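*Asks:* Listed below are the residues making up each chain.
2 protein chains.
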Amino acid sequence: MTSISELADVARQLRVDSIRAAAAAGSGHPTSSMSAADLMAVLIGGHFRYDFERPAHPGNDRFILSKGHASPLLYAAYKAAGALTDEELLTFRKEGSRLEGHPTPRALPWVEVATGSLGQGLPVGVGMALSGKRLDRIPYRVWVLCGDSELAEGSVWEAAEHAGYEHLDNLTAIVDVNRLGQRGPTRHEWRLAAYADRFAASGWHVVEIDGHDIDDIGRAYDEAASTAGQPTVILARTLKGKGVAAVEDREGLHGKPLRDPEAAIQELGGVRDVRVEVREPAAARAMHAVRSGHLELPRHEVGDAVATRTAYGQALAALGTARGDVVALDGEVGDSTRAEYFAKEHPDRFFECYIAEQQLVAAAVGLAARGWVPYASTFAAFLTRAHDFVRMAAISGAGINLVGSHAGVAIGQDGPSQMGLEDLAVFRAVHGSTVLYPCDAHQTGRLVAEMAGLEGVRYLRTSRGDTPVIYGPGEEFPVGGSKVLRASDADRLTVVAAGVTVHEALAAAETLDGAGIQVRVIDLYSVKPVDRTTLREAAERTGCLLTVEDHRPEGGIGDAVLDAFTDGRPVPRLVRLAVRRMPGSASPAEQLRAAGIDADSIAAAARLLVEQGVVR
Amino acid sequence: MTSISELADVARQLRVDSIRAAAAAGSGHPTSSMSAADLMAVLIGGHFRYDFERPAHPGNDRFILSKGHASPLLYAAYKAAGALTDEELLTFRKEGSRLEGHPTPRALPWVEVATGSLGQGLPVGVGMALSGKRLDRIPYRVWVLCGDSELAEGSVWEAAEHAGYEHLDNLTAIVDVNRLGQRGPTRHEWRLAAYADRFAASGWHVVEIDGHDIDDIGRAYDEAASTAGQPTVILARTLKGKGVAAVEDREGLHGKPLRDPEAAIQELGGVRDVRVEVREPAAARAMHAVRSGHLELPRHEVGDAVATRTAYGQALAALGTARGDVVALDGEVGDSTRAEYFAKEHPDRFFECYIAEQQLVAAAVGLAARGWVPYASTFAAFLTRAHDFVRMAAISGAGINLVGSHAGVAIGQDGPSQMGLEDLAVFRAVHGSTVLYPCDAHQTGRLVAEMAGLEGVRYLRTSRGDTPVIYGPGEEFPVGGSKVLRASDADRLTVVAAGVTVHEALAAAETLDGAGIQVRVIDLYSVKPVDRTTLREAAERTGCLLTVEDHRPEGGIGDAVLDAFTDGRPVPRLVRLAVRRMPGSASPAEQLRAAGIDADSIAAAARLLVEQGVVR
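Chains as they are written, first to last, in UniProt numbering: chain A, 1 to 616; chain B, 1 to 616.
Think of the hints as simulated: they come from the structure by calculation, not from any bench. Wrong hints could be hidden among the right ones.
It does not matter which identical chain is used: a pair holds within one copy or between any two.
[To be verified] In silico EDC-like links for lysine to aspartate or glutamate, alpha-carbon gap of 16 Å or less: (1) LYS256 / ASP335; (2) LYS133 / ASP348; (3) LYS133 / GLU208; (4) LYS94 / GLU590; (5) LYS133 / GLU280.
All of these numbers come straight from a predicted model, not from anything done at the bench.
All chains, full assembly: derive it from the sequences and hints.
*Replies:* And the structure:
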């Protein structure tokens with residue numbers, strides 16, 4: 001064990017290096033790093049167990065810098081642990097550097113998850129702790145260093161509830177209560193009781209300490225490690241900018257390099273090069289890669305009426321049987337999303353997150369970081385609640401499957417608050433995402449299985465009502481593909497549909513056929529990436545694309561098809577049917593009609609385009 | 001005051017009418033209504049002060065049904081108050097009915113805000129209570145009826161903190177703790193202490209009662225009304241489906257009409273038609289419509305370097321001087337968004353919401369519902385945290401101004417977690433929204449003033465870095481318009497830009513001009529609605545639109561221009577430059593170059609299109 005004076009020396013080095021990194025960058029958050037330097041020094045100098053040579057070691061403790069703006073402190077700690085050179089430390093925030101303004105696992109193997117949007121570290125840490133406690137059963141600890149400002153985020157309290165309820169005694173939150181937020185004092189400043197009472201109310205063990213007392217800090221970490229049945233929060237009273245009189249506990253200095261870094265470094269005793277011996281992780285073996293068997297997806301008769309949400313639940317349960325690494329998370333609507341089918345067959349790998357969608361997605365991110373393949377589902381409308389977590393998951397490069405049920409006006413009577421009408425726009429704009437929208441049960445099953453193997457954020461949109469099975473059980477649905485359901489040389493336009501509107505489009509095509517108007521019908525089940533080849537061919541052959549979607553006109557299928565035509569080539573004529581008004585309550589059929597996306601509306605639009613001579 | 005036996009009678013009627021409405025609809029949530037019927041009966045029968053003939057009466061108490069799925073109870077209460085006929089009650093959930101599955105103010109004048117996405121009623125109620133307490137100084141009370149399941153939402157705890165800190169003793173939360181969520185028991189079932197401790201920790205007065213004891217309920221309401229300096233939460237232990245043995249406290253019946261409604265109505269003593277005399281509101285006068293003066297926007301010299309975020313702060317402060325109804329809300333980044341300029345000049349109308357973006361938007365919705373014109377600002381990236389609140393605000397038809405700063409990769413070193421790169425996609429897909437994206441200080445000022453008078457959700461995107469002022473102070477910028485900054489008969493393509501890329505496009509046009517290639521440049525400051533006329537004319541004249549945006553390729557400016565061409569008319573050739581990779585840290589100029597959206601990239605793309613013969 002490193003001595004107290006040695007640890008104090010490490011802390012001084014972390015402060016000095018934080019100041020140096022920010023000075024070299026000309027930006028960054030040295031004062032937010034300095035407040036937590038003692039907390040960090042004691043952690044790496046005797047409590048944190050980690051093999052920097054083997055970041056994938058299953059026994060490694062996990063550290064999350066939830067206050068991601070204090071990245072200089074993290075990088076300084078990496079240097080102290082011998083993982084980074086001093087030279088690289090000074091590349092902080094420069095183009096091409098691995099040391100970004102806020103840490104990301106894309107750049108550095110020791111970073112568990114991208115942070116920088118506050119209030120996300122603890123929620124994700126709960127997911128990692130769940131893995132260790134309920135799945136892996138490996139005795140690693142999850143340490144999350146939070147700021148005090150971010151405790152205003154509701155997501156922190158969703159996480160607190162989740163961790164308390166699950167008795168995650170392998171989780172420790174360390175709160176750097178430095179009293180000062182970005183623009184001034186926090187709501188509670190140094191009133192630690194305001195935080196203590198809330199954590200205690202959620203079942204946490206609470207320790208209050210002076211965050212600059214090395215001895216106090218060490219005892220708190222020991223207490224956290226020895227507390228059974230409860231997560232522990234360490235509320236540490238600190239000074240922002242601690243150690244340099246010019247900036248200590250002063251307002252207006254957030255996110256600014258020090259004016260006189262040389263003097264500050266002198267005040268801290270000068271540049272050091274102390275090396276910390278980080279404790280070895282416990283021997284451990286990851287469990288989840290082991291089991292893998294044959295996938296037996298449910299089969300239906302063509303013509304059977306099966307909701308795609310039901311097909312999702314069935315496929316997920318089957319996938320869980322075939323793959324031991326698949327886990328499922330629910331936002332207290334598992335009976336509606338059909339995630340309950342998985343829960344019944346694989347209760348050990350099912351996580352009930354209650355009505356807390358941020359925690360639902362965050363826990364999935366944490367589980368994915370530990371190697372699991374999570375499927376998190378709720379109503380598509382309510383996934384909007386977790387949008388910032390999805391955005392950050394994309395920055396982490398997290399492999400998560402999100403499934404939104406109750407898409408569109410087709411849900412019927414429940415009305416607009418329950419309708420996913422913006423979800424395609426949201427998920428298409430997520431970097432590196434995949435967006436899938438099946439129309440029948442077999443297609444759903446295949447896509448549910450397929451998405452497990454993709455990179456990044458995968459989104460599947462399911463529908464509430466029954467729709468007929470139109471594909472055989474052996475049909476393949478590659479991501480990035482589409483299905484041409486009707487085509488002839490006489491096609492005068494192409495109807496592009498997905499999900500519920502595929503069935504409307506097929507009915508419209510039948511009606512139009514009776515009136516002597518042939519139309520092509522494409523099932524665009526892969527909304528992103530989109531099947532450029534098929535769309536381009538349809539455009540060449542028919543000259544006009546009529547998109548029909550149970551979604552707002554912006555950002556959905558109508559916009560997605562454009563991806564095939566934005567390289568300067570000739571663009572076909574475009575007409576789009578989408579949900580343009582605000583729905584109220586009505587039956588599913590009434591809703592589709594009122595929105596102008598039912599078979600009659602599609603047929604009427606096609607007829608009008610023929611009459612107006614828009615199509616040949 | 002109505003007697004206890006009369007109130008019990010009213011409660012029975014509310015149960016019976018909830019059952020009847022759901023039975024007539026064939027869907028809905030009668031059991032969730034029945035648990036709260038006594039709470040509702042006592043509220044309207046002696047505590048709630050409201051003039052149903054004058055919903056706009058400034059002295060009216062405000063009631064929010066946060067558990068919006070219990071809408072049958074709300075409509076039954078309206079009937080008991082004489083506001084609805086029994087005939088209309090039975091139109092529940094039918095097409096065209098005002099009685100939607102979840103209540104909305106679009107349909108009914110007595111509904112304050114749309115609910116149905118759980119965990120939103122209390123946050124919005126805080127906004128309304130702030131209005132009464134800090135702005136109007138009218139002694140109305142805000143009553144919010146919550147479910148127990150929704151207390152898992154972090155947003156509820158952001159609201160609890162906000163209300164406690166602001167000492168909102170005019171706010172009462174009534175929690176119907178019926179133990180059962182949608183798919184089974186809640187996390188804490190009837191352990192009221194789990195909720196009590198958390199509310200108390202946030203500074204609330206807590207009352208625990210039997211939610212079916214009329215006397216208890218009345219005393220709790222009196223206690224809430226007489227508690228000074230603290231909001232009150234009434235935790236009411238109830239039975240889901242109370243009063244009908246077949247459904248009382250049973251799982252698996254959420255959101256389902258009763259199997260035998262006739263027998264249930266018999267058990268409850270049959271159909272009644274009791275009328276409740278609701279108490280009159282106190283005499284009051286709204287304050288905010290009074291003051292209005294001349295708007296003096298700041299003036300700059302053309303060529304001055306001013307960040308649009310700075311121009312936002314300046315314009316907002318000026319608007320606050322001109323209009324007494326303008327209020328501002330900050331998510332603890334007012335120094336960055338420049339909302340602090342407003343705070344300094346109008347501290348009485350400024351609300352610090354700390355780092356709690358859901359509460360930031362919810363408070364704005366609540367203030368808007370009370371007649372104020374709120375501007376809520378934070379980083380564009382962090383507004384994603386409040387996406388579900390924005391979605392619900394659109395359903396409410398709430399008039400709120402949201403301003404997202406730090407747009408795009410142009411922020412530079414801070415990296416992707418801080419960059420608004422999906423915001424245009426998100427806000428375009430919001431029903432009835434307006435999306436504005438200014439490129440200079442004068443344009444920003446005009447748009448900030450203009451947006452105050454619009455309907456629905458208005459979004460303004462601002463930039464971190466300085467950009468040159470290119471417009472004169474007298475220039476007008478109508479919403480739905482655009483500016484053609486360069487045009488000639490020789491234009492070979494049109495560059496469509498907005499915000500920071502306008503300046504890049506102008507520089508590129510200059511370079512291209514030197515190479516003998518003329519291009520048109522459009523400043524598309526109004527991203528939604530989009531200027532169809534100008535875009536169509538540019539398409540006709542130049543044949544090709546090259547869009548350039550500091551945003552993801554999906555759902556932003558590239559997709560927005562299509563709105564001018566989706567009626568079947570010929571579509572111009574389209575090329576889009578957008579942020580396709582995941583940025584790291586780098587200087588603003590390096591970021592623009594790496595993303596391929598700087599002047600050089602635009603010029604190179606234009607040259608390539610000319611060389612390839614894509615443009616004439």
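*Asks:* For every hint, state whether the structure bears it out.
*Replies:* For each hint, the structure was consulted:
1. LYS256 / ASP335: The answer is between: 13 Å across copies meets 16 Å, while 50 Å in one copy does not.
2. LYS133 / ASP348: within (11 Å within a copy, 50 Å between copies)
3. LYS133 / GLU208: neither (25 Å within a copy, 35 Å between copies)
4. LYS94 / GLU590: Between copies only: 10 Å across, 57 Å inside.
5. LYS133 / GLU280: neither (20 Å within a copy, 57 Å between copies)
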